[in-house]
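Engineer: For reference, the chains in residue letters:
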Amino acid sequence: MTAKHLELTQVGIDFPTPKGPFNALTDVNLKIAKGEFVSLIGHSGCGKSTVLNIVAGLHQATTGGVILDGSEVREPGPERAVVFQNHSLLPWLSVYKNVELAVKQTQQGKSKKALRDWVMHNLELVHMTHALDKLPAEISGGMKQRVGIARALAMEPKVLLMDEPFGALDALTRAHLQDSLMEIHADLGNTVIMITHDVDEAVLLSDRIVMMTNGPSATIGEILNINLTRPRDRIALADNPEYNHYRHEVLTFLYEKQRKVEPVSAHRKNTSKGSSKGKKPDAA
Amino acid sequence: MSKSVPLVTTLSQLRPQSFASNLPQKLQGLLLPVIGLLLFLAIWNGVAKTIDTSLGQFPGPAQVWQQAGSLINEHSAQREKAEEFYARQEERNAARVAKDPGYEPRIRPFTGAPTYLDQIWTSLYTVMVGFLIASLVAVPVGILCGLSKSAYTAINPLIQLFKPVSPLAWLPLVTMVVSALYVSDDPMFAKSFVTSAFTVSLCCLWPTLINTVVGVSNIDKDLLNVSRVLRLKPLTHLTKIVLPSSIPMIFTGLRLSLGIGWMVLIAAEMLAQNPGLGKFVWDEFQNGSSESLARIMVAVLTIGAIGFVLDRVMLGIQRVVSWDKSSALR
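So the protein lines, in turn, are chains A and B.
What the first sequence shows, in my numbering, is residues 1 to 284, in sequence order.
What the second sequence shows, in my numbering, is residues 1 to 330, in sequence order.
FYI, nobody ran anything at the bench for these hints, they're computed from the structure.
Each residue gets a CB set at the ideal place from its N, CA and C atoms; glycine is no exception.
Heads up, some of the hints might be wrong.
To be verified - Straight-line C-alpha distance at most 30 Å; calculated DSSO-like pairs for lysine-lysine:
1. B/K221 - A/K97
2. A/K134 - A/K104
3. B/K233 - A/K104
4. A/K19 - A/K34
5. A/K112 - A/K134
6. A/K158 - B/K233
7. A/K112 - A/K158
8. A/K113 - A/K134
9. B/K163 - A/K134
10. A/K158 - A/K97
11. B/K191 - B/K81
12. B/K233 - A/K113
13. A/K112 - B/K233
14. B/K191 - A/K134
15. A/K112 - A/K4
16. A/K31 - A/K110
17. B/K221 - A/K158
18. B/K163 - B/K149
19. A/K19 - A/K31
20. B/K149 - B/K233
21. A/K110 - A/K134
22. A/K158 - A/K113
23. B/K191 - A/K97
24. B/K149 - B/K221
25. A/K34 - A/K4
26. A/K31 - A/K134
27. A/K104 - B/K221
28. A/K110 - B/K233
29. A/K97 - A/K113
30. A/K19 - B/K99
31. A/K34 - A/K134
32. A/K257 - A/K31
33. A/K31 - A/K4
34. A/K19 - B/K163
35. B/K221 - B/K233
36. B/K81 - B/K99
Unchecked claim - Some chain B residues judged to face chain A by a derived CB distance under 8 Å, without partners named:
37. I219
38. L235
39. I241
Only chain B is shown next, with the shape it has when bound in the complex:
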């Protein structure tokens, strides 16, 4: 890495204390995180070797890497199996149709266990749906409370009461309510999915709601006066003044909500045994093989990476939507 530093250095660059600050900015931005990461891996590796659990040694980076590979292999193996399964069915059906032209061919779905990648997809899908429902409720209600002091006074006690409630306290209630109310012979979504998504929604509501209220109620007073002088109609007032000026705060709330929703979902899946990454972690824990801890560690890193990516995606959307580019930098 040091090779990319120009060979010709000025005197000041040779002084050790100013070396780091004189590195080209871009290189520093790349180099420092890499150093941090390497340090982390080294410490992890060192510490892992000293911990012996009943499931064997705590996995180091190498084992985790290996398990990540094997999880992906299992996934492709499962896919191959599924494809073979369908191919066999088609062959059989074709043969039978040749014998008996009146026969209507049927395809049975493949029923193999969901793989790690399937579980990731389930979790992602669930969190997005839960987050979307929460946002569709929280943003309008937040705008209403920000605009109307009486609405805020009426709703505020409820916000304060429900905001600190852990998702896991809701979970049994949500599960029972969903099984009681969501009854249909041919459900569009699995009950477990509805339960998880709804639990996520309940916890995603609050940060968006509170930040939207703060954003809307803190609009520059002069801008509100401009709106009054112009006699803007309520809808124009909303679209031209309220929404643009509160968008940075709304997005802060949305990003917090999505982060919380993602954490909540994993916990809910573990507790309720609903399909997803949480269930994967719990299953591996119950499985208790010598590889389990490494596989759980893969899940931990995946959860972190996905949480990070989700936040970046929100940031990207904010950059597109918000007029204030400076507030969308972090």
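For reference, chain A alone in the conformation it holds in the complex:
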């Protein structure tokens, strides 16, 4: 485990608005080791997605930068595959074709059979080989998200970026997919950065939880190391005092520290409670 795998240094971003630049992020510093599973958690609008998009290369940082394996991130690329919140499968391509498109892009020069095998292998990882010829509209939300993950994995990314991958799913499907994700992570050992609103999800899946302060000018508030042994079992963990301690830490950060530190942002948080993204983080 080298600490030099993925490095965010002094990352900050300003968005232009009619009233002048809006400082969304400032001084984000984070070092992630190879194979590490890191969750970003924080209230809505705190810039979690912005951090992810900067790592993905979809946004350009105004200050600071991101270095992956010694080279700076300047544009999006398949070595930093993204799993989007709403799956973002191409609705006109079948499940197989969606994954195939990613494979064709990243595995150029492979034989036809090798391509097909690789597509099938990744669909097997997420248990979706039974719906190869279905269009995204014909499968359930959980299945779509599985295919989205398969597509991202098929790119053989150095870092897998997941933007609230299970946010739009019901609790049972979510638990199912979390288990799948843990299995895959144990198998492949990808570096993963995942955004979540769900405290249980963060504690269950992560090696580290990065807790973000409220915006504007959001930054990293605290980082919590999760030293639970893997493989982790959600039922066994339910009564585990250590697990509950971690849970408690995150909840305290979200509902006490972030509320007390900045009264203005506490007000923002309250007003955003009714919005769709302002889900109760511990409801799972």
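With chain A's structure known, arrange chain B on it following the hints.
Structural biologist: Here is chain B on its own, set in the frame of chain A:
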């Protein structure tokens, strides 16, 4: 018609206010349009009788029906004449070749006036060519403007300027330009055809162009991000992301364009005296016989029917081409 309704009815079906909604869906779909049509014919018939023009009474459905028949008869009569004309020529040629083996037989083309069906065919052909030219220009330019903000900013003023221009304002210019530039001893197409088709094109451009721009510039941002993450090459990006997601909008534009093109063509043919349905209408109007109004009415109904069929054909093509079957229903 009421005989096909099952004789055994439940109590709820007997209540008058729910009767219509309880009819089987298919029967309703057939019955209601027929009722509408019959009502229309009745009103038309009633109103027509009260209008007296200088060309006689305004034609009712019966006269129009009769004229439709006679137009078709005229067509077959003309065809027979043409066939006889050619048969006579061949006979004459055969006789002459028998007398003088060195003679090279010649066939002169039949020069009878175009019939109603000929005029329909001319109009259809013209509108299709004009529409095709317009689409071949509008779709690529629309995609370009949808993809590139600078291209859009550059072209948008031109679109806004030319979009509201009536085809009839273009017509004199197009006519003069075609006669000046389209000069050849053995032209492949008649000048009148080129003029009409080009006028149609000028008016077909805009709806397709604008809808394509909107369709392309409104592609789901996540899908564009997928394309960026995958580093799709421009051509792959176009074929895998841009075209499929904007096809419903492109087709909306194409259907609007074809509808406008068809309307424009009739007007252009009337004004420019180019062969086609428009010329037929104008000729009948100038002719001013007691049958003219009924014959014009036949043309009006034909124009409507053809416009409807053209739209359905486009819809059919959209159903085949588009992945999104729900957007191709209306």
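Engineer: Against each hint, give a clear statement of whether it holds in the structure.
Structural biologist: Verification of the hints:
This hinted pair checks out: B/K221 and A/K97 have alpha carbons roughly 20 Å apart, not beyond 30 Å. Among the hinted pairs, A/K134 with A/K104 is consistent with the structure: their alpha-carbon atoms are about 20 Å apart, no more than 30 Å. Proposed proximity of B/K233 and A/K104 is supported: the alpha carbons are some 12 Å apart, at most 30 Å. About 41 Å separates the Cα atoms of A/K19 and A/K34, which puts this hinted pair outside 30 Å; it is violated.
Restraint check: the Cα-Cα separation between A/K112 and A/K134 comes to about 21 Å, which is no more than 30 Å; the hinted pair holds. Taking the CA atoms of A/K158 and B/K233, the gap is about 22 Å. The hint holds against a cut of 30 Å. This hinted pair checks out: A/K112 and A/K158 have alpha carbons roughly 24 Å apart, not beyond 30 Å. Under the criterion of a C-alpha separation no larger than 30 Å, the hint pairing A/K113 with A/K134 is consistent with the structure, at around 21 Å.
With a C-alpha separation of about 42 Å, the suggested pairing of B/K163 with A/K134 is violated against the 30 Å cut-off. Proximity of A/K158 to A/K97 is assessed by CA-CA distance (about 23 Å); at most 30 Å being required, the pair is judged to hold. Taking the CA atoms of B/K191 and B/K81, the gap is near 27 Å; set against the 30 Å cutoff, the hint holds. Taking the CA atoms of B/K233 and A/K113, the gap is about 23 Å. The hint holds against a cut of 30 Å.
For a cut-off of 30 Å, the pair hint linking A/K112 to B/K233 stands: about 20 Å separates their Cα positions. As the CA atoms of B/K191 and A/K134 are separated by approximately 52 Å, the hinted pair breaks the 30 Å bound. Note on A/K112 and A/K4: the hinted pairing is violated, with a Cα-Cα distance of about 36 Å set against a maximum of 30 Å. Among the hinted pairs, A/K31 with A/K110 is inconsistent with the structure: their alpha-carbon atoms are about 34 Å apart, more than 30 Å.
At most 30 Å may separate the alpha-carbon atoms for a hinted pair to count; B/K221 and A/K158 meet this at roughly 24 Å. Under the criterion of a C-alpha separation no larger than 30 Å, the hint pairing B/K163 with B/K149 is consistent with the structure, at around 20 Å. Taking the CA atoms of A/K19 and A/K31, the gap is about 34 Å. The hint is violated against a cut of 30 Å. In summary, the hint linking B/K149 to B/K233 is supported, as the alpha carbons are separated by about 19 Å, within the 30 Å threshold.
This hinted pair checks out: A/K110 and A/K134 have alpha carbons roughly 25 Å apart, not beyond 30 Å. Restraint check for A/K158 and A/K113: satisfied, since their Cα atoms lie roughly 24 Å apart, inside the 30 Å limit. Restraint check for B/K191 and A/K97: the C-alpha separation of about 50 Å exceeds 30 Å, so the hint is violated. Between the alpha carbons of B/K149 and B/K221 the distance comes to roughly 15 Å, so the proposed pair stays at or under 30 Å and holds.
Pair hint A/K34 plus A/K4 holds up; C-alpha atoms about 8 Å apart against a cutoff of 30 Å. Of the supplied pair hints, the one linking A/K31 and A/K134 is violated, its CA atoms being roughly 40 Å apart against a limit of 30 Å. Between the alpha carbons of A/K104 and B/K221 the distance comes to roughly 22 Å, so the proposed pair stays at or under 30 Å and holds. Of the supplied pair hints, the one linking A/K110 and B/K233 holds, its CA atoms being roughly 18 Å apart against a limit of 30 Å.
Of the pairs offered as hints, the one joining A/K97 and A/K113 holds, with about 15 Å between alpha carbons and a cut-off of 30 Å not exceeded. About 99 Å separates the Cα atoms of A/K19 and B/K99, which puts this hinted pair outside 30 Å; it is violated. A threshold of 30 Å between alpha carbons decides the hint, and for A/K34 with A/K134 the separation of about 35 Å lies outside it, so the pair is violated. Distance restraint check for A/K257 and A/K31: the Cα-Cα separation of roughly 24 Å lies within the 30 Å cut-off, and the hinted pair is therefore satisfied.
Proposed proximity of A/K31 and A/K4 is supported: the alpha carbons are some 7 Å apart, at most 30 Å. Only pairs whose Cα atoms come within 30 Å are accepted, and A/K19 paired with B/K163 is rejected, the gap being roughly 36 Å. Annotation: proposed proximity of B/K221 to B/K233 holds, straight-line Cα distance about 17 Å (limit 30 Å). Distance hint between B/K81 and B/K99 is fulfilled; the C-alpha atoms sit about 27 Å from each other, no more than 30 Å.
Against a cut-off of 8 Å between C-beta atoms, the interface hint on B/I219 is violated, since the closest Cβ of chain A lies about 11 Å away. Of the supplied interface hints, the one on B/L235 is violated, with its beta-carbon coming no nearer than about 13 Å to a beta-carbon of chain A, more than 8 Å. Checking B/I241 against chain A: minimum C-beta separation of about 7 Å stays under 8 Å; hint holds.
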